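Residue numbers (this note's numbering), protein chains in the order written: chain B, 1 to 314; chain V, 1 to 491; chain F, 1 to 275.
I should point out that these hints are in silico values taken from the structure, not numbers from a laboratory. It is possible that some hints are incorrect.
Using C-beta positions, here's what the derived DEER-type ranges look like [unchecked claim]:
| no. | chain 1 | residue 1 | chain 2 | residue 2 | range |
| --- | --- | --- | --- | --- | --- |
| 1 | V | D469 | F | L77 | 53 to 59 Å |
| 2 | V | S76 | B | L73 | 58 to 64 Å |
| 3 | V | M211 | F | L81 | 40 to 46 Å |
If we take Cβ atoms under 10 Å as the criterion, some of the chain B residues that face chain F in the derived model are [stated by the list, open to error]:
| no. | residue |
| --- | --- |
| 4 | L48 |
| 5 | L112 |
| 6 | V142 |
| 7 | M149 |
| 8 | V152 |
| 9 | F155 |
| 10 | T251 |
| 11 | V285 |
| 12 | D300 |
| 13 | I302 |
| 14 | V304 |
From a predicted model like this one, the values you see are computed outputs, not experimental measurements. In this text, a Cβ means the ideal position worked out from N, Cα and C, and glycines have one as well.
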Amino acid sequence: MGYFLLRRTVGFLATLLTITVVVFAVMNILPGDPALTILGIEASEAALEALRQQLGLHDPVVVRYFRWVGAALTGDFGMSHAYRVSVAELVLERLPLTLSLAFGGMIATVVLALAMGIGAAANHRKAGDWGVMFLSQIGIAVPSFWAAMLLVLLFAVYLQWLPPGGFPGWSDPVAALRSLVLPIAALTFVQAAVLARVTRSAALEVMRLDYVRTARAMGYPRRRILWRHVLPNALVPIVTIVGLQFATLVTGTIVIENVFYLPGLGRLVFQAIANRDLPLVQALVTLFAVIVVTVNFLVDVIYVMIDPRLKTRA
Amino acid sequence: MRLTAAPALLAALALALAAPAAAQTRISIGIQQEPTALDPTIEATAAINVMVTQNIFETLTRVDRSGAVQPGLAESWEISDDGRTYRFHLHQGVAFHDGTPFTADHVLFSFERAMAEDSTNPRRIIFDPIESVEMIDEHTVEITLARPEAFFLFELARGPAIIVTPETVETNATRPVGTGPFMFDAWTRGDRLRFVKNPGHRNADEVALDMVEFRFIADPAAAAAALLAGELDAFPGFPAPELVAQFEADPRFTVQVGTTEGEVILAMNNARPPFDDIRARQAVSHAINREELIEGAMYGLAVPISSFYPPHGPAFVDLSDLYPHDPDRARALFEEAGILGDTLTLRPVPFPYGTRSAEIIQAQLGAAGMNVRIENVEWGFWLEEVFRNHNYDLTIVAHTESNDLGNFARDSYYWGYDSDAFRELWEAIRTETDDEARIALLQDAQRMVSEEAVLGYLFQLPLIGIFRDGVEGFWDSQPTLALPLAEVTVR
Amino acid sequence: MSRHLTPNLVLGAVLVAFVVGVAALSLVWTPHDHAAMNIRARFAPASDIHWLGTDQLGRDVVSQLMVAARNSMTVALIAVLMGGSIGVAFGLLASALGGWVEDLIMRVADIGFAFPALLFAIMLSAVFGPSLWVAVFAIAFINIPVFARVTRGAANVIWTRDYVAAARAAGQGRFAISRDHILPNVAAPVIVQATIEFAIAILAEAALSYLGLGAQPPSPSWGRMLSEAQTLMFMAPQLAIYPGLCIMAAVLGFSLLGDALRDITDPRLTRSRQA
Numbered sequence: 001m002g003y004f005l006l007r008r009t010v011g012f013l014a015t016l017l018t019i020t021v022v023v024f025a026v027m028n029i030l031p032g033d034p035a036l037t038i039l040g041i042e043a044s045e046a047a048l049e050a051l052r053q054q055l056g057l058h059d060p061v062v063v064r065y066f067r068w069v070g071a072a073l074t075g076d077f078g079m080s081h082a083y084r085v086s087v088a089e090l091v092l093e094r095l096p097l098t099l100s101l102a103f104g105g106m107i108a109t110v111v112l113a114l115a116m117g118i119g120a121a122a123n124h125r126k127a128g129d130w131g132v133m134f135l136s137q138i139g140i141a142v143p144s145f146w147a148a149m150l151l152v153l154l155f156a157v158y159l160q161w162l163p164p165g166g167f168p169g170w171s172d173p174v175a176a177l178r179s180l181v182l183p184i185a186a187l188t189f190v191q192a193a194v195l196a197r198v199t200r201s202a203a204l205e206v207m208r209l210d211y212v213r214t215a216r217a218m219g220y221p222r223r224r225i226l227w228r229h230v231l232p233n234a235l236v237p238i239v240t241i242v243g244l245q246f247a248t249l250v251t252g253t254i255v256i257e258n259v260f261y262l263p264g265l266g267r268l269v270f271q272a273i274a275n276r277d278l279p280l281v282q283a284l285v286t287l288f289a290v291i292v293v294t295v296n297f298l299v300d301v302i303y304v305m306i307d308p309r310l311k312t313r314a
Numbered sequence: 001m002r003l004t005a006a007p008a009l010l011a012a013l014a015l016a017l018a019a020p021a022a023a024q025t026r027i028s029i030g031i032q033q034e035p036t037a038l039d040p041t042i043e044a045t046a047a048i049n050v051m052v053t054q055n056i057f058e059t060l061t062r063v064d065r066s067g068a069v070q071p072g073l074a075e076s077w078e079i080s081d082d083g084r085t086y087r088f089h090l091h092q093g094v095a096f097h098d099g100t101p102f103t104a105d106h107v108l109f110s111f112e113r114a115m116a117e118d119s120t121n122p123r124r125i126i127f128d129p130i131e132s133v134e135m136i137d138e139h140t141v142e143i144t145l146a147r148p149e150a151f152f153l154f155e156l157a158r159g160p161a162i163i164v165t166p167e168t169v170e171t172n173a174t175r176p177v178g179t180g181p182f183m184f185d186a187w188t189r190g191d192r193l194r195f196v197k198n199p200g201h202r203n204a205d206e207v208a209l210d211m212v213e214f215r216f217i218a219d220p221a222a223a224a225a226a227l228l229a230g231e232l233d234a235f236p237g238f239p240a241p242e243l244v245a246q247f248e249a250d251p252r253f254t255v256q257v258g259t260t261e262g263e264v265i266l267a268m269n270n271a272r273p274p275f276d277d278i279r280a281r282q283a284v285s286h287a288i289n290r291e292e293l294i295e296g297a298m299y300g301l302a303v304p305i306s307s308f309y310p311p312h313g314p315a316f317v318d319l320s321d322l323y324p325h326d327p328d329r330a331r332a333l334f335e336e337a338g339i340l341g342d343t344l345t346l347r348p349v350p351f352p353y354g355t356r357s358a359e360i361i362q363a364q365l366g367a368a369g370m371n372v373r374i375e376n377v378e379w380g381f382w383l384e385e386v387f388r389n390h391n392y393d394l395t396i397v398a399h400t401e402s403n404d405l406g407n408f409a410r411d412s413y414y415w416g417y418d419s420d421a422f423r424e425l426w427e428a429i430r431t432e433t434d435d436e437a438r439i440a441l442l443q444d445a446q447r448m449v450s451e452e453a454v455l456g457y458l459f460q461l462p463l464i465g466i467f468r469d470g471v472e473g474f475w476d477s478q479p480t481l482a483l484p485l486a487e488v489t490v491r
Numbered sequence: 001m002s003r004h005l006t007p008n009l010v011l012g013a014v015l016v017a018f019v020v021g022v023a024a025l026s027l028v029w030t031p032h033d034h035a036a037m038n039i040r041a042r043f044a045p046a047s048d049i050h051w052l053g054t055d056q057l058g059r060d061v062v063s064q065l066m067v068a069a070r071n072s073m074t075v076a077l078i079a080v081l082m083g084g085s086i087g088v089a090f091g092l093l094a095s096a097l098g099g100w101v102e103d104l105i106m107r108v109a110d111i112g113f114a115f116p117a118l119l120f121a122i123m124l125s126a127v128f129g130p131s132l133w134v135a136v137f138a139i140a141f142i143n144i145p146v147f148a149r150v151t152r153g154a155a156n157v158i159w160t161r162d163y164v165a166a167a168r169a170a171g172q173g174r175f176a177i178s179r180d181h182i183l184p185n186v187a188a189p190v191i192v193q194a195t196i197e198f199a200i201a202i203l204a205e206a207a208l209s210y211l212g213l214g215a216q217p218p219s220p221s222w223g224r225m226l227s228e229a230q231t232l233m234f235m236a237p238q239l240a241i242y243p244g245l246c247i248m249a250a251v252l253g254f255s256l257l258g259d260a261l262r263d264i265t266d267p268r269l270t271r272s273r274q275a
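Work out the full structure: start from the sequences and follow the hints.
Written out as structure tokens, the structure reads:
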């Protein structure tokens with residue numbers, strides 16, 4: 001187990017390093033001059049050159065890479081070219097919103113999906129099961145941006161119950177939460193559908209096992225069997241999927257933040273690319289990738305801990 | 001004593017609590033594009049100029065809603081007979097928002113900074129004609145030009161020519177400090193920007209708004225939804241012409257459709273085949289159906305142009321009969337140029353007017369026998385590949401500066417137009433200080449670039465404003481990039 | 001086989017047949033030229049001439065949807081085939097060799113997973129300019145690790161089977177065993193996964209086109225039709241409905257079919273490592 005963890009950790013760190021190289025390389029073949037993007041089409045060549053000097057765009061690529069990674073290790077991600085404040089400040093400013101979206105979406109997803117999945121498994125081959133399965137099939141089939149469009153149309157434009165988008169800031173918590181309802185709903189809709197299906201099939205697998213059948217035959221209450229025996233044993237695939245869904249959720253927040261114009265990281269990355277704001281793009285893409293890799297790593301570790309049988313071949 | 005004091009105190013307290021609430025006049029304004037910095041001397045983004053010029057920062061001169069030059073920080077000026085020396089008399093008793101008194105030193109500092117060797121001012125061209133800037137006394141500045149410059153006073157009113165103070169010059173990008181009628185208050189990036197009234201401004205009595213909040217809403221549907229939901233009082237640069245009819249029919253809103261200085265063009269790369277051949281360019285000009293284009297892309301809300309000059313300008317000449325819509329003539333000209341049936345790439349700018357026009361232009365050129373491949377590119381990519389590297393056949397873009405006919409005189413500009421005859425003409429225009437003579441020359445210039453079919457001239461970009469009933473005073477047209485809020489009232 | 005004729009299978013097969021049929025039909029026939037504009041007849045309601053009306057440029061909506069179906073199917077097919085074959089090869093290789101090779105391949109797959117398709121597509125289109133090919137490559141790319149994982153997971157189970165041990169004892173090499181015993185036995189979960197990935201690819205193409213990174217005009221795409229319809233929701237809400245329904249029908253069809261196929265094949269095989 002210790003050896004396994006060590007090997008995984010080394011692999012994890014190597015992955016992180018590779019990601020920084022890949023991101024840096026891609027960002028540096030990206031066409032487009034940050035100076036031109038900032039100063040626009042009326043700028044003189046002298047002004048552009050002066051700005052390029054200021055932004056340090058003339059150093060060789062390798063020098064810039066090591067300077068970037070070296071500084072990043074000390075927590076310094078450089079200055080945003082476009083916003084002229086530190087990247088760390090920009091990211092920290094927007095991180096709470098994206099995290100609220102991601103965690104809000106994840107919690108809502110897990111709660112909804114477990115209830116739907118276990119419920120469906122318990123009613124296997126009955127109307128309830130078909131109903132849940134059908135709903136989750138539809139959920140999977142609906143693009144989140146379309147779900148978001150429909151939600152805005154219904155709740156913001158026709159009913160006017162909730163704001164159509166934007167974010168009032170945390171100083172007014174009620175308004176802040178209200179503006180997160182529709183985005184989280186749009187995110188949850190799709191994610192919960194995926195997880196509900198996994199939960200259902202995992203639960204069904206467990207229910208086929210002998211000890212559950214025995215427990216049933218011995219007349220244990222159904223609810224107790226479900227929550228005490230089925231759910232814990234079905235957790236392995238569920239945890240895996242929840243972990244992997246984080247990757248989808250990250251993508252999801254990028255799209256959803258752009259549909260609801262929420263000032264989070266997903267919107268920032270789009271703006272940063274359009275602005276040719278290299279330090280910011282590098283930091284954000286790396287950040288997204290690091291989140292996903294870290295979650296993957298944790299899932300692997302948890303996976304082995306829950307199900308030690310697998311570590312021999314894993 | 002206590003008995004009598006208490007009610008008085010209570011009354012005072014009640015007044016203190018109630019008065020600001022009653023008197024607070026605030027407005028919430030939708031803006032499509034969020035700038036990344038708030039300093040127009042370091043970045044070209046239009047939204048910066050729109051929000052801060054004339055509101056946070058002031059310039060020596062000011063352009064009013066009719067496009068006329070008015071006094072700004074300079075209350076008056078004299079111009080020498082040879083048109084080269086400008087003596088500006090500055091307002092006295094003006095202070096920056098941080099309390100620094102405004103003097104001629106600040107004018108010198110601002111101009112020297114913009115003109116310096118390592119200046120990154122996005123529009124240094126404003127300062128190009130300047131030979132020297134001198135301080136006569138605390139409140140008088142004299143600027144000498146190397147040559148007469150007809151547009152100088154107008155140019156001085158632009159955002160990149162704002163007057164700043166050295167103490168805050170480094171932080172103006174995030175916390176702008178100027179002399180204007182409004183002061184920066186807070187900026188929640190990605191969401192909103194707040195200004196408050198500057199009570200110390202010389203015209204503070206005439207300013208109705210106590211607080212201004214800009215909300216950044218990029219998506220047109222969300223913009224419309226926010227207006228309908230009552231979250232916004234105004235959207236002065238509304239991005240979706242297709243939704244205007246709906247707001248016009250709604251008694252809660254008023255709609256203003258005005259003009260900008262933005263000529264939307266179908267640029268052709270004159271420097272390389274096939275558009276180095278005038279017949280190919282003429283063919284494109286004949287293939288364009290402006291009426292259909294404006295209806296389809298702008299829902300009828302734009303004025304067609306036939307040259308590179310706004311129809312509301314004083315020197316406008318109508319040249320629409322030069323190349324009338326005629327697909328058969330276009331086909332014949334493409335045939336003559338030997339390119340009929342070829343494939344052309346069209347790389348429009350990634351803004352709604354661009355991508356929408358592209359689809360219609362594609363169909364119109366298709367009707368004249370040409371294949372057009374549309375490549376939608378990002379703004380940064382467009383600037384690099386199309387604008388800088390001239391790597392394109394066709395592109396659609398709006399040129400939003402005023403007095404920009406001079407672009408045709410530029411060396412190695414992305415249009416690839418190279419004409420010494422035009423350069424001479426433009427030099428004459430720039431140095432002609434007599435209005436009437438200049439207008440005649442400007443008309444010649446319009447004819448020249450139209451006859452040579454340098455570009456496909458499409459339409460003038462409209463300025464669509466949607467306002468809640470009771471909101472008044474916004475400019476209905478945009479002679480220069482600014483959104484002066486001092487004149488705005490809210491009922 | 002009749003016990004497998006579940007409602008899932010029937011509905012899935014019908015939807016898939018319909019969408020694929022319509023896509024194929026669009027090659028030879030659409031009610032109108034899908035690109036023909038008539039700006040004066042924009043936003044026409046449904047009628048005998050235009051069954052679902054016209055869009056903001058007066059183009060026939062049914063014809064647009066049909067051609068969009070074809071584009072969507074083509075993107076999904078190429079992307080899944082490309083990503084799937086590379087992924088399966090890597091998965092087999094990882095499982096056959098084990099040890100550091102397996103570790104390396106899975107680590108690289110992790111890096112693949114770490115790049116959400118959207119970020120990858122944004123970076124690709126920033127470098128090469130947006131096009132349908134960017135969408136194809138981005139979707140193919142994210143499919144590689146998915147198939148590598150599924151294949152490797154299923155293959156690892158097969159490697160522990162007695163008949164594989166017997167083959168090894170008989171002196172058969174790792175690659176020969178992979179070809180003769182492992183590949184046929186992982187085919188079922190791979191095909192199931194491919195059906196599901198097909199559905200995901202349709203969704204991904206729609207999302208990329210919605211964000212302007214996929215199909216370019218005048219080539220119609222459900223995603224782009226939706227993004228164009230977004231500002232028109234007040235004026236012509238139907239335009240925001242039809243393409244969404246099409247995406248839903250196509251994705252629902254393929255995922256129901258995948259589900260049904262999964263039930264038919266041994267479900268225990270796909271359990272261990274779902275991606």
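Each hint tested on the structure:
The hinted window of 53 to 59 Å between V/D469 and F/L77 holds, with their beta carbons roughly 54 Å apart. Taking the beta carbon of each, V/S76 and B/L73 are about 59 Å apart, inside 58 to 64 Å as hinted. Distance hint check: the CB atoms of V/M211 and F/L81 are about 59 Å apart, inconsistent with the given range 40 to 46 Å. A distance limit of 10 Å between C-beta atoms decides the matter here; for B/L48 the minimum to chain F is near 20 Å, and the interface restraint is violated.
For B/L112, the suggested interface contact is broken, since its CB lies about 19 Å from the closest CB of chain F, more than 10 Å. The interface hint given for B/V142 is met, as the beta carbon of that residue sits about 6 Å from the closest beta carbon of chain F, less than 10 Å. Using the Cβ-Cβ criterion of 10 Å, the hint placing B/M149 at the interface with chain F is satisfied: the shortest such distance is roughly 6 Å. Interface hint status for B/V152: upheld, as the beta-carbon distance to the closest one in chain F is roughly 8 Å, under 10 Å.
This hint is violated: B/F155 has a C-beta 13 Å from the nearest C-beta of chain F, more than the 10 Å allowed. A distance limit of 10 Å between C-beta atoms decides the matter here; for B/T251 the minimum to chain F is near 4 Å, and the interface restraint holds. This hint holds: B/V285 has a C-beta 6 Å from the nearest C-beta of chain F, less than the 10 Å allowed. Annotation: B/D300 was flagged as interfacial toward chain F, and the flag holds, the nearest CB pair being 9 Å apart, inside 10 Å.
Hint status for B/I302 relative to chain F: violated, with the closest Cβ pair at about 14 Å, above 10 Å. At a threshold of 10 Å, the smallest CB-CB gap from B/V304 to chain F is about 13 Å, leaving the interface hint violated.
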